[in-house]
Structure formats: structure tokens, C-alpha cells
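First to last, the sequence lines map onto chains A and C. For the first sequence, the positions run 9 to 121 when this note's numbering is used. For the second sequence, the positions run 4 to 113 when this note's numbering is used.
Hints were generated in silico from the structure; no laboratory data involved. Certain hints may be false.
[To be verified] Derived CB-CB ranges, DEER-like: (1) C:Ala5 - A:Gly91: 22 to 30 Å; (2) A:Gln118 - C:Ser21: 34 to 42 Å; (3) C:Gln54 - A:Ser59: 25 to 33 Å; (4) A:Leu19 - C:Ser4: 24 to 32 Å; (5) C:Thr23 - A:Glu50: 19 to 27 Å; (6) A:Met37 - C:Asn85: 29 to 37 Å; (7) C:Thr47 - A:Glu50: 12 to 20 Å.
Since the model is a prediction, treat every value here as computed from it, not as a measurement. Here a beta-carbon is modelled for each residue, glycine too, at the ideal position from N, C-alpha and C.
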Amino acid sequence: DQQVKQNSPSLSVQEGRISILNCDYTNSMFDYFLWYKKYPAEGPTFLISISSIKDKNEDGRFTVFLNKSAKHLSLHIVPSQPGDSAVYFCAASAPGGYQKVTFGTGTKLQVIP
Amino acid sequence: SAVISQKPSRDICQRGTSLTIQCQVDSQVTMMFWYRQQPGQSLTLIATANQGSEATYESGFVIDKFPISRPNLTFSTLTVSNLSPEDSSIYLCSVGTPSYFGPGTRLTVL
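Could you build all of it, start to finish, from the sequences and the hints given here?
What follows is the structure, given as C-alpha cells:
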């Protein structure tokens, strides 16, 4: 049972344009959502998070949007840079298990110079 | 943030043997987590390791196959026992909220 789903395994975007990575979840108990970036041969690196009491969180070029009614979140990267090329994982946690996160399968982003 | 190191970074093992992976954190933490990432799959939590108590395993993972030690607040080991090719994965330890991850150990079982 995949509770966090990233239906797009890959995405290619031109440098300077917007990258939009999508994530859906099924567990209505999730109240904290995170995005991680992973380069080859490295562990995932925390990027940005959002609590379920918000619908948007912004950090520099990265913005995460949460639509609770649709159980959907998205990560926007504007403008996209070649260094953003990596695998992006969506993750979620439930109350009381805030350190125990459930991950999606990842989306490989390629930013083309 | 936390700085996490893992040893070995990669290994190739024969079927039926075991591999012990070490995880070292640069600060004291109560809980350490071990994840597995099989090829093309998401990260799956194996177990939570608390210092001074037995590890808590997730559904589908058992202590006999994945014994864990947690001798102090900065260190943990995960052993993958009786290896089979299906154990070929990246194994990662993590701490904190949000989770900070080590660089991972890439295991290949022949």
C-alpha cells in the first residue's frame, strides 16, 4: 500500500523555467509533509516542509503547495537551474510519528541548460 | 542539522553471508532510523533504534534478519543477515526532524 505517490518518475525542464513536481497521499492522518532532494551516491537532503495547517510555504526558489481536500502537494522550483537536477522525494508523517516519515518513489528532475 | 557518516559506503557480498553497517552521528540523539531503498523504489523504514532498548521493527522486517545495536547516543549498527540477491539495496540511517540522512551504504549481493 503506497501511501505517498509520485506518479511522474521523471521530468525535464529548461533552465530558467518552472519545475513542478507533484505528490499525492492517501493517509488522511498525515499532517506534516516534506520534500527531499537526492543526488547519486548521497543520502537525501531535506529541502522544504509544510504543516497541514498551511497551504503554502516558500523558501527562496522553492515553494510547496498543499491541497488537503485533494490530498495533493506540489513543489515549485522557480527558476530552475542545472544544479537542481536530482531525484526529488515527497514524504509525509502523522501526529506522534513526526520523526517517522513515509516516502514516495521519487521524481527524477533534469534541468536542461 | 546533524552530520552522519556510514561505513562501508558500498560492499559486494556473497549469498548467505552477513554485512554490518555502521552509522555515526556528530551529536547525541535519542532515536536513529534505518531505511532501505531497493532499486527504483522509495525509501522504506526498517526499524527505529533507541538507546538502551530493543529496536522497533516495521511490518515486514524482523530482528533475525536485521539485528540492530544501539550502544550509545551517537552510534548504531544494522546487520543484514543471511544475504540474498533481494537484499541488494541502499541502506541509510537517519536522525532528527526533519530527517537528516547519512550518505548510505550500497549493498550488492551476488
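Going through the hints against the structure:
1. A hinted range of 22 to 30 Å for the beta carbons of C:Ala5 and A:Gly91 is consistent with their spacing of about 23 Å.
2. A hinted range of 34 to 42 Å holds for the C-beta pair A:Gln118 and C:Ser21, which are about 38 Å apart.
3. The supplied range of 25 to 33 Å is met by C:Gln54 and A:Ser59, whose beta-carbon atoms lie about 29 Å from each other.
4. Checking the proposed 24 to 32 Å range against A:Leu19 and C:Ser4 shows it holds: the Cβ atoms sit about 28 Å from each other.
5. Here the CB-CB span from C:Thr23 to A:Glu50 is close to 22 Å, well matched to the stated 19 to 27 Å.
6. The supplied range of 29 to 37 Å is met by A:Met37 and C:Asn85, whose beta-carbon atoms lie about 35 Å from each other.
7. Taking the beta carbon of each, C:Thr47 and A:Glu50 are about 18 Å apart, inside 12 to 20 Å as hinted.
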